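There are 2 protein chains.
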Amino acid sequence: MSTVQVDTPGGSYPIHIAAGRLDSLAQSIPADATAIALVTNPTVYGHYGERATKALAQTGKRVLRIELPDGEAHKDWPTLNLVFDALLQNRLDRKAVIVALGGGVVGDMGGFAAACYMRGIRFVQVPTTLLAQVDSSVGGKTGINHPLGKNMIGAFYQPISVEIDTDVLATLPAREIAAGLAEVIKYGLIIDAEFFAWCEQHVEALRALDPQAITYAIQRSCELKAYVVSQDERESGLRAILNFGHTFGHAIEAGLGYGQWLHGEAVGCGMVQAAELSALTLGLPPASVARVRALTAAIGCPIQPPDLGTPRWIELMQVDKKTEGGQLRFVLLPEIGQARFEAAPLEALRRVLDQAAVAQV
Amino acid sequence: MSTVQVDTPGGSYPIHIAAGRLDSLAQSIPADATAIALVTNPTVYGHYGERATKALAQTGKRVLRIELPDGEAHKDWPTLNLVFDALLQNRLDRKAVIVALGGGVVGDMGGFAAACYMRGIRFVQVPTTLLAQVDSSVGGKTGINHPLGKNMIGAFYQPISVEIDTDVLATLPAREIAAGLAEVIKYGLIIDAEFFAWCEQHVEALRALDPQAITYAIQRSCELKAYVVSQDERESGLRAILNFGHTFGHAIEAGLGYGQWLHGEAVGCGMVQAAELSALTLGLPPASVARVRALTAAIGCPIQPPDLGTPRWIELMQVDKKTEGGQLRFVLLPEIGQARFEAAPLEALRRVLDQAAVAQV
Ligand SMILES: NC(=O)c1ccc[n+]([C@@H]2O[C@H](COP(=O)([O-])OP(=O)(O)OC[C@H]3O[C@@H](n4cnc5c(N)ncnc54)[C@H](O)[C@@H]3O)[C@@H](O)[C@H]2O)c1
Ligand SMILES: NC(=O)c1ccc[n+]([C@@H]2O[C@H](COP(=O)([O-])OP(=O)(O)OC[C@H]3O[C@@H](n4cnc5c(N)ncnc54)[C@H](O)[C@@H]3O)[C@@H](O)[C@H]2O)c1
Ligand SMILES: [Zn+2]
Ligand SMILES: [Zn+2]
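Protein chains in written order, with this note's numbering: chain A, 1 to 361; chain B, 362 to 722.
Everything labelled a hint here was simulated from the structure, so no lab data went into it.
This one's a predicted model, so the numbers in the text were calculated from it and none came from an experiment.
Misleading hints may appear alongside valid ones.
In silico lysine-lysine, BS3-like type, Cα no more than 30 Å apart, as pairs [unchecked claim]:
| id | chain 1 | residue 1 | chain 2 | residue 2 |
| --- | --- | --- | --- | --- |
| 1 | B | 422 | B | 456 |
| 2 | A | 150 | B | 456 |
| 3 | B | 422 | A | 150 |
| 4 | B | 511 | A | 150 |
| 5 | A | 61 | B | 422 |
| 6 | A | 95 | A | 61 |
| 7 | B | 456 | B | 415 |
| 8 | A | 95 | B | 511 |
| 9 | A | 95 | A | 54 |
Chain A with its partners taken away, still in its complex shape (with noise of 0.2 Å):
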């Protein structure tokens, strides 16, 4: 088993990192838990609930099961009360413990639904898609959605240890796991050009689940996400370098309707255009930018950008929080390995975006 160590003010925890690590969850369940709630969904549950139940029940502490409608669409409030109302109904008490067992829309409600249930409860983070075992699992940033725009309500709260099972991702779709390594790629980009390198020269053992390549990069990942955040746990600096690719991002997501690509994919096709931005504005080599296009590709993730139109493109990036009064951000690349978050200037952004049209046509 590899162990990370996540030290933030907020809260130190572990991650554990293992095959087969869901069948000793009883692990994470602290001596003194009155009672234990099963956050996850049907998809996850129907693969690994038993198995998670099982485990836990081990602790002899009851398990209450809360099952969320599946999917991002139901990352919202109707939904996030329906922990409360579980937990209400079945009186647990400020001593119960939540463990949320599934992708990122889990482990973010779950975790948000754990820092308001009577002020916060504790809660173990059991994420079973890559992006949530490399990214969203890490760093205690937990929320939901609003109708006006995504992640806008929530909490930086940090979970008691997270467990990562490698095996779950057997039964993941191959589009999850591309979006997934999108996240871990961008770890190398930003911040560890040897870790970069490494992924070109084992993606296609990443792709393929070669157990071996995935545990590193899933470790290596979660260690520099934990490294980032430690420094910055609120984000009030450093930690938005690990938006990389993500303004971009969340223009595809918002521009196409949510859905449509998978977060990853946009973050992926983000990260070239970051890339190109990058050229233009710090002089990120062509061949860096050559780089961040093949891997990308080779993940499995879509290189080519929607055709928004730039207005468009430009419009959807201004309600992004990134945005501080007002002025356009991005985190670019002087070279592969470094990143910083600075305002970028709009005639450059437009020969970024103009250029995707073109592309496609």
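Following the hints, position chain B with the ligands against chain A.
Positioned in the frame of chain A, the structure of chain B with the ligands alone reads:
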């Protein structure tokens, strides 16, 4: 102006107390704030909205007015969502500041909205009821109600400052003053016998809102609450003593239906019951119980508990979140000025509750 400093792991901030403080609100807004959202209700806005807006406008920043319907019945998710709607429709960013102008309802909701909006923006408490000035605005508890329980959804989230204008109490109904004074004498009972005696001596001045007396009472209450909260921000130990009288009080509020008695009235009566229970379990002298009863009556709170019937009382107290693992625990006084949080024998509790029913007949 008096200043009380609050230091918690979640943040350090000043409480400013002064007649006319409303006109100096601009001082509480950080220079880098991008906008100000004034969260209030029509009643409070009618009295003080223009003055507050004018004061805030001195910053030169945009002031967005968000009026929530008045009353505890609206301390719920749909109403909280009105805040998110307004913040998003007006594109307020992460550097916006919420100013909560009103009683405990507005303060709890404005604070919780600040805690959740984009995972946390800054907020200023401007409490306008006595209860809010001496209690709810200090300590960082924020939240809303759920149909199955009061304050069940919320966050510990500290304001950047609390601005108390003692003048605004002039428009508060007498019942609200009595309710606020219940929380004032609570601090004396649990932690400062001398302050309790001071309240006995100044009860008429307090009820008449004598400026010197009320300012001192607010300041001392804030100091005492700040002391407790600084020891235990997240209510894992000491902070529980602030709930003296509240387990009974919450049962009264829930048993009669919320809104029949004011929270502070129910707490006042509940403190008398808790004193009686303290006499039976910890040997609080009968003379001390008599002092609690006399001062509670003198501030204008009811001292005769409603006859809910003992089984219903117990049932209501069991859903209170101070039950952990099912056992009923109370804040009890071995003597005036000292408090302990401990389980009470059911038999003693029954005697207190049966007594109440008898007295009523
Ligand atoms: N908190 C953060 O820091 C953070 C970071 C990135 C993304 N996110 C959020 O994460 C969400 C996206 O997460 P996601 O990509 O995991 O999507 P998801 O949670 O919707 O999961 C994708 C699909 O895979 C299914 N699934 C999950 N595990 C499976 C398994 N092992 N086998 C088969 N199917 C499985 C899910 O039921 C779902 O249908 C978004 O809401 C995004 O905002 C949060
Ligand atoms: N956060 C905490 O630590 C904490 C502590 C105690 C109570 N509370 C919460 O506080 C709430 C009760 O607060 P409250 O007693 O202030 O009730 P409230 O906020 O409902 O105010 C009482 C009434 O007085 C009106 N009002 C407010 N200021 C006024 C003024 N200056 N002049 C005239 N009218 C005015 C209000 O509009 C309302 O109608 C409850 O929801 C309770 O749960 C929170
Ligand atoms: Zn992402
Ligand atoms: Zn109270």
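Consistency of the hints with the structure:
1. Restraint check: the Cα-Cα separation between residue 422 of chain B and residue 456 of chain B comes to about 12 Å, which is no more than 30 Å; the hinted pair holds.
2. A C-alpha spacing of about 18 Å is found between residue 150 of chain A and residue 456 of chain B, which places the hinted pair at or below 30 Å, so the restraint holds.
3. At roughly 27 Å between alpha-carbon atoms, residue 422 of chain B and residue 150 of chain A fall within 30 Å of each other, so this suggested pair holds.
4. This hinted pair checks out: residue 511 of chain B and residue 150 of chain A have alpha carbons roughly 28 Å apart, not beyond 30 Å.
5. Proposed proximity of residue 61 of chain A and residue 422 of chain B is contradicted: the alpha carbons are some 53 Å apart, above 30 Å.
6. A C-alpha spacing of about 12 Å is found between residue 95 of chain A and residue 61 of chain A, which places the hinted pair at or below 30 Å, so the restraint holds.
7. Pair hint residue 456 of chain B plus residue 415 of chain B holds up; C-alpha atoms about 21 Å apart against a cutoff of 30 Å.
8. Note on residue 95 of chain A and residue 511 of chain B: the hinted pairing holds, with a Cα-Cα distance of about 18 Å set against a maximum of 30 Å.
9. Using a Cα cut-off of 30 Å, the hinted pair residue 95 of chain A and residue 54 of chain A holds, with the two alpha carbons roughly 21 Å apart.
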